[in-house]
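With the hints as your guide, set chain U onto chain D.
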Amino acid sequence: MGETPLLEIQGLRARAGDAEVLQGLDLIVQPGEVHAIMGPNGSGKSTLANVLAGRPSVEVTGGSVLYQGNDLTTLVPEDRAKEGIFLAFQYPVEIPGVANAYFMKAALNVARTHRGEPELDGMDFLEFAREKMKLVGFDEKLLNRGINEGFSGGEKKRNEILQMAILEPRLAILDETDSGLDIDALRVVADGVNALRSPERAAIVITHYQRLLEYVVPDFVHVLADGRIVRSGDRELALELEERGYAWLEDAPGETRAPL
Amino acid sequence: MSESSDALLEKLSNRDYQYGFVTDIDSDQAPPGLNEDIVRLISAKKEEPGWLLDWRLKALARFFELLEQDVEPTWANVDYPKINFQDIIYYSAPKQAEKIDSLDEVDPDLLATYEKLGISLTEQKRLHGIAVDAVFDSVSVATTFKAELEQQGIIFCSFSEAVGRCPELIQEYLGSVVPISDNFYATLNSAVFTDGSFAYIPKGVRCPMELSTYFRINAANTGQFERTLLIADEGSHVSYLEGCTAPMRDENQLHAAVVELVALDDAEIKYSTVQNWYPGDKNGVGGIYNFVTKRGACRGKRSKISWTQVETGSAITWKYPSCLLQGDDSVGEFYSVAMTNNLQQADTGTKMIHIGKRTKSTIISKGISIGRSQNTYRGLVRIQPGATGARNYSQCDSLLLGEECGAHTFPYLEVKNSSATVEHEATTSKIGEDQLFYCLQRGISEEDAISMIVNGFCKQVLRELPMEFAVEAQNLLGLSLEGSVG
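The listed protein sequences correspond, in order, to chains D and U. Here my numbering is used: the first sequence runs in plain steps of one and ends on residue 260. Here my numbering is used: the second sequence runs in plain steps of one and ends on residue 1486.
Keep in mind the hints are simulated off the structure, nothing from the lab. Misleading hints may appear alongside valid ones.
No farther apart than 25 Å at their CA atoms in a straight line, the calculated lysine to aspartate or glutamate pairs in the DMTMM-like style are these [said to hold, decoys possible]:
id	chain 1	residue 1	chain 2	residue 2
1	D	LYS156	U	GLU1433
2	U	LYS1146	U	ASP1233
3	U	LYS1430	D	ASP18
4	D	LYS141	D	ASP184
5	U	LYS1459	D	GLU140
6	D	LYS82	U	GLU1446
7	D	LYS156	U	GLU1446
8	D	LYS82	U	GLU1447
9	U	LYS1430	D	GLU94
10	D	LYS141	D	GLU117
11	U	LYS1459	D	ASP184
12	U	LYS1301	U	GLU1234
13	U	LYS1203	U	GLU1172
14	D	LYS156	D	ASP139
15	D	LYS82	U	GLU1433
16	D	LYS156	U	ASP1434
17	D	LYS156	U	ASP1448
18	U	LYS1430	D	GLU149
19	U	LYS1459	D	GLU149
20	U	LYS1459	D	ASP139
Only a predicted model underlies this, so the values are computations on that prediction, with no experimental measurement involved.
Isolated chain D (complex conformation):
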């Protein structure tokens, strides 16, 4: 007790399209923690990510989501971003003609202004971005291309991680960022998350595979099924899932979190 959780979700229900995808989800994320969320296709993993980021097509129908103690659901997406919520997209879109560098600089300066820091000019931004590009092995040539315009799948994911590194979010949500990546790109994703680890930040890593968790060691692993968290544990749970699949869990009683 005492410390306010960074994120506190209780009984969350949400609708995407015609289906109620989340059906009473509970989750608490404390600052400094990395949570992995696993689960079969259609279990609601991406819907959870979209609820947190505020995607308009996902409707919250019940429960509560508190971020730093405040109701998150009333905030528009851009204000959530300003408050430090970052979503690494599962399918990053292409925005032709808008230079990647220009976009990132604009986003960074929004964040800096919000934090009361002075904006960076082009030169300072480039210097700052170069450091981060090294971290994620990002080809500088891609900086002046349109956002994700003609990028390969791996380049798009690296671009997401680069943006995350640049924006230094308080709560990073990675929506299957590791899917379809080779081992080198996987390491990049992991390095990106690990570099952000600090006592005041947290991450929710949504993944299909245990593989990523070899590089990003989570504090908690949760299994999502039918819109609820049906099992929580530590890294061992992920290994067990890999061995046994999800079927054995689906009827098991849920427990969101080991009591502290």
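Quick look at chain U alone, frame taken from chain D:
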């Protein structure tokens, strides 16, 4: 689109027209109506030689024939009530000293007007590197940097002045690209044209600064019928820009201009337009009818004419800047952004007529429709039998914002030489919810996000504009972006 996007579109639709003020200035006006007396009056005001008056009268006779045959063109995808040509005032000029030798003599109200439009004509504050000819209603009120240009043999002045200064050039080239009988509005223009700009770039000269004309319609019930003629002699190079604005008025005003360009061997003309005539209000009341004929002739070998236009204004735009690619290896280009909002209608595009061998043309057209507007691309690529090895590439993209607007594409291809290569690509898209959400998730406001996406969509065209205009064009598109061009 989310509810907030709708609200934003609403805001975009209600964006104020910044240039809607009226300058209160005495003007010397002809009575409304179209007849021989008016044409004689215009010609006399401009102290024109007899041959030019005869040329005008011939055009007038032709126009009356067309009126009688009732052949006002109706093929464009635009809709407006029939124009009564007898209601229009064909000549209106601000009163000032008859002959002006220096800018100091220009009426301060006029200078202030251009100042307010962001165009400084006074010596100390002149736009760096741009020579400006300022046309107010029917006359040119000032041209800057004339003397500097003359040192290189470049003639840049109002059309009326050019008639007196270099009549042989006018006689040789006037109507040589757009003849009197070319089309309905070109015929009308030939009879009653008042002022416009003239430029001649001598052999081998690279014009050291941008030439530009700023057109302003001020008086009510008048039409503006300017005539612009640019001649680039062998091996010369010139970049020319034009901008246009008009006050907000409830009645529609007609603007029927003709622009003729001639490029001789190895010459290059780059012609850029930022058109922001008053578009009418939210309900489609008022606004300019912009019925313009623009054509360039690449007469010489390896000559090049490049049109770039950003069209955001006017109630109705009817305009097809075209290239006649006569010289072997000549090149024609057309880069266009047309943005329509509310009830605006635009039917715009180009004609590329390949006549010479190995002629090449590129067409990049970007249409953006908002509100209840209709946006049409209409283009013709014709490869004549002699145009061996000709090549064309056309790309027409449309972006829709909202549910009630329309985008239409009518590309015409006539290929009469089997060795030609012609490519056409077309896309229509909506600003995607996904693109918008991606930007929002990075903290970027919805307004900035739409601006970014629209600007990105237009980038291929905007980067063709000279720097000074690129900024103005972006602002015009409702965007306050830095750095995304280039």
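Taking 25 Å as the top limit, are the C-alpha atoms of LYS141 (chain D) and ASP184 (chain D) close enough?
-> holds, 19 Å
Verify the proposed pairing of LYS141 (chain D) with GLU117 (chain D), using a straight-line Cα cut of 25 Å.
-> Status violated; Cα separation ~28 Å.
Measure nothing beyond the straight line between the CA atoms of LYS1430 (chain U) and GLU149 (chain D); if it is 25 Å or shorter, mark the hint as holding.
-> Holds. LYS1430 (chain U) to GLU149 (chain D) sits at ~17 Å (cutoff 25 Å).
Would you mind confirming whether the straight-line C-alpha gap from LYS156 (chain D) to GLU1433 (chain U) stays at or under 25 Å?
-> holds, 19 Å
CA of LYS156 (chain D) to CA of GLU1446 (chain U), is that 25 Å or under?
-> holds, 23 Å
Is LYS1203 (chain U) close enough to GLU1172 (chain U), meaning Cα to Cα at most 25 Å?
-> holds, 17 Å
Given pair status - GLU1234 (chain U), LYS1301 (chain U), alpha carbons within 25 Å = holds, 9 Å
LYS1459 (chain U) paired with GLU140 (chain D) [C-alpha distance capped at 25 Å] | Distance ~21 Å between LYS1459 (chain U) and GLU140 (chain D) Cα, so the pair holds.
Given the hint that LYS82 (chain D) pairs with GLU1433 (chain U), test it: the Cα-Cα distance must not exceed 25 Å.
-> Holds, because 20 Å separates the two Cα atoms, which is no more than 25 Å.
Could you grab the alpha-carbon distance between LYS1459 (chain U) and ASP139 (chain D) and see if it respects the 25 Å cut-off?
-> Holds. LYS1459 (chain U) to ASP139 (chain D) sits at ~23 Å (cutoff 25 Å).
Restraint status (C-alpha distance of LYS1430 (chain U) to GLU94 (chain D) at most 25 Å) | holds, 14 Å
Assess, step by step, whether the Cα of LYS156 (chain D) is no farther than 25 Å from the Cα of ASP1448 (chain U), and give holds or violated.
-> Judged against 25 Å, a Cα distance of about 22 Å means the pair holds.
The earlier numbered hints that this structure contradicts are 10, 11.
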